[in-house]
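> Could you build the full structure based on these sequences and the hints that come with them?
When we follow the numbering used here, the leftmost residue of the sequence shown carries the number 19, and every step to the right adds one.
Since the hints were made in silico from the structure, they are not lab data.
These numbers come from a predicted model, not from an experiment.
Treat the hints with care, since some could be wrong.
[Said to hold, decoys possible] Result set (DSS-like, lysine-lysine): computed pairs, CA atoms no more than 27 Å apart in a straight line:
1. 193 / 48
2. 78 / 141
3. 193 / 160
4. 214 / 78
5. 141 / 24
6. 78 / 160
7. 111 / 78
8. 160 / 318
9. 160 / 48
10. 24 / 214
11. 48 / 194
12. 141 / 216
13. 111 / 214
14. 24 / 216
15. 214 / 48
16. 216 / 230
17. 48 / 24
18. 141 / 111
19. 214 / 141
20. 111 / 230
21. 297 / 78
22. 78 / 24
23. 111 / 318
24. 193 / 214
25. 216 / 111
26. 230 / 48
27. 230 / 141
28. 160 / 214
29. 318 / 214
30. 160 / 329
31. 24 / 230
32. 160 / 194
33. 318 / 329
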Amino acid sequence: MSTLPKHNALGFFEIRLESIGGLGANLAGKMLAETGAIELGLNAANFSSYGSEKKGTPVKTFVRFCEPEIEIRDHSPIEEPHVVAVFHEALYKTVNVVSGLPLDGVVLINTTRDFDEVRADLKLEYGTIALVDAMGIAVEEKTKVNTSMLGALFRICDFLDPEAMRTVIRRTFEKKYPHLVEPNLRTFDRGYNEVKFKTYEAPEGTVARPFKRAQSLLGYQTQLPGGLIAAQANSILKDLSGSRAGMIPVFDAETCISCAACDNVCPDYCFVWEPAEDKRGRVQQFLRGIDYQYCKGCLKCIEACPTDALKSAREEVGYAEQHRVAQVFV
19 MSTLPKHNAL GFFEIRLESI GGLGANLAGK MLAETGAIEL GLNAANFSSY
69 GSEKKGTPVK TFVRFCEPEI EIRDHSPIEE PHVVAVFHEA LYKTVNVVSG
119 LPLDGVVLIN TTRDFDEVRA DLKLEYGTIA LVDAMGIAVE EKTKVNTSML
169 GALFRICDFL DPEAMRTVIR RTFEKKYPHL VEPNLRTFDR GYNEVKFKTY
219 EAPEGTVARP FKRAQSLLGY QTQLPGGLIA AQANSILKDL SGSRAGMIPV
269 FDAETCISCA ACDNVCPDYC FVWEPAEDKR GRVQQFLRGI DYQYCKGCLK
319 CIEACPTDAL KSAREEVGYA EQHRVAQVFV
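Printed below as a string of structure tokens:
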């Protein structure tokens, strides 16, 4: 049986997974809790918090562990976790992912960047940062981000036995998806072995960042007269970049024939057109590029493109901002 290295006042060791829908954080939380409860003799609880269950929307998954003699009667969201795992860096834009992290907490990030860059984005003054290229591992092994993140989490939570998780992975996939067992085992092992750590000591007198609950701007006391809903019912004014799960379409103007097949399947105003004369002097609409502000990475355009002018690529930090062709709505 495993023994918890630390716990809060209620006797719980707590983990919060910050993700977007479609990356498998909910399943990762279930598998993590199952490993602790069934394989290692701990008491465990897992549940998730999300809105529309839509791919690309923010998701939080919570896992609590405690010794077997302690009952888990607390099912409130975890606000002061010992470990935070961030499945997608775009969450920084809208979610304070490290809110409530204690001075000795650990934050795991799926990224290819270095420690100091990540720390600056998180505005983190203290604690341990763990980095793993979970998306890169998943792409190479043809699996999902969640299994590589689980591998890194097991390296962080060294009271958990990695072999127990391997058993859970086999049990999870062997009946419905037996061909995915070995790839997921490899993905888990790579996440476990490839995660890197750096600790930033808290200056003397530093106080842990308190957790702040998000407050709706349109409560019963603050909504506009007449019950007006200020949120737009379309994506014209929204930034959908936080919905992307790591892959984006890349445009090659040289091979594009401006057939508009991409625009026909795009749900979110991504493609930017301009009038120009063709070889015969006729005014036609030509594709200029992609407005990545509205692109949520569905990649339907790539499937529709007949000339391979659109190809999928892993999104690198800053690429969308540098190659964005802005829409002009009139």
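> Please go over all the hints and tell whether each is borne out by the structure.
Here's how the hints hold up against the structure:
1. 193 / 48: Given that 27 Å is the threshold and the Cα spacing comes to 17 Å, the pair holds.
2. 78 / 141: holds (20 Å)
3. 193 / 160: The hint holds at about 19 Å.
4. 214 / 78: Distance ~23 Å between residue 214 and residue 78 Cα, so the pair holds.
5. 141 / 24: The given pair, whose Cα atoms are some 25 Å apart, holds under the 27 Å limit.
6. 78 / 160: holds (24 Å)
7. 111 / 78: holds (15 Å)
8. 160 / 318: holds (19 Å)
9. 160 / 48: With Cα atoms ~21 Å apart, residue 160 and residue 48 stay inside 27 Å; holds.
10. 24 / 214: Judged against 27 Å, a Cα distance of about 22 Å means the pair holds.
11. 48 / 194: Roughly 17 Å separates the two Cα atoms, so the pair holds.
12. 141 / 216: holds (15 Å)
13. 111 / 214: holds (24 Å)
14. 24 / 216: holds (20 Å)
15. 214 / 48: Given that 27 Å is the threshold and the Cα spacing comes to 25 Å, the pair holds.
16. 216 / 230: holds (26 Å)
17. 48 / 24: Roughly 21 Å separates the two Cα atoms, so the pair holds.
18. 141 / 111: This hinted pair holds, its Cα atoms lying about 12 Å apart.
19. 214 / 141: holds (19 Å)
20. 111 / 230: Since the Cα atoms of residue 111 and residue 230 sit roughly 16 Å apart, the hinted pair holds (cutoff 27 Å).
21. 297 / 78: The given pair, whose Cα atoms are some 54 Å apart, is violated under the 27 Å limit.
22. 78 / 24: holds (22 Å)
23. 111 / 318: holds (25 Å)
24. 193 / 214: Given pair residue 193, residue 214 is violated - Cα atoms ~34 Å apart, limit 27 Å.
25. 216 / 111: Satisfied, since the Cα-Cα distance of roughly 23 Å is no more than 27 Å.
26. 230 / 48: Holds. Residue 230 to residue 48 sits at ~26 Å (cutoff 27 Å).
27. 230 / 141: holds (15 Å)
28. 160 / 214: OK: residue 160 and residue 214 at ~22 Å, within 27 Å.
29. 318 / 214: violated (35 Å)
30. 160 / 329: Distance ~18 Å between residue 160 and residue 329 Cα, so the pair holds.
31. 24 / 230: holds (23 Å)
32. 160 / 194: Distance ~17 Å between residue 160 and residue 194 Cα, so the pair holds.
33. 318 / 329: holds (11 Å)
Figure legend: structure checked against the earlier numbered hints; hints not met, in rising order: 21, 24, 29.
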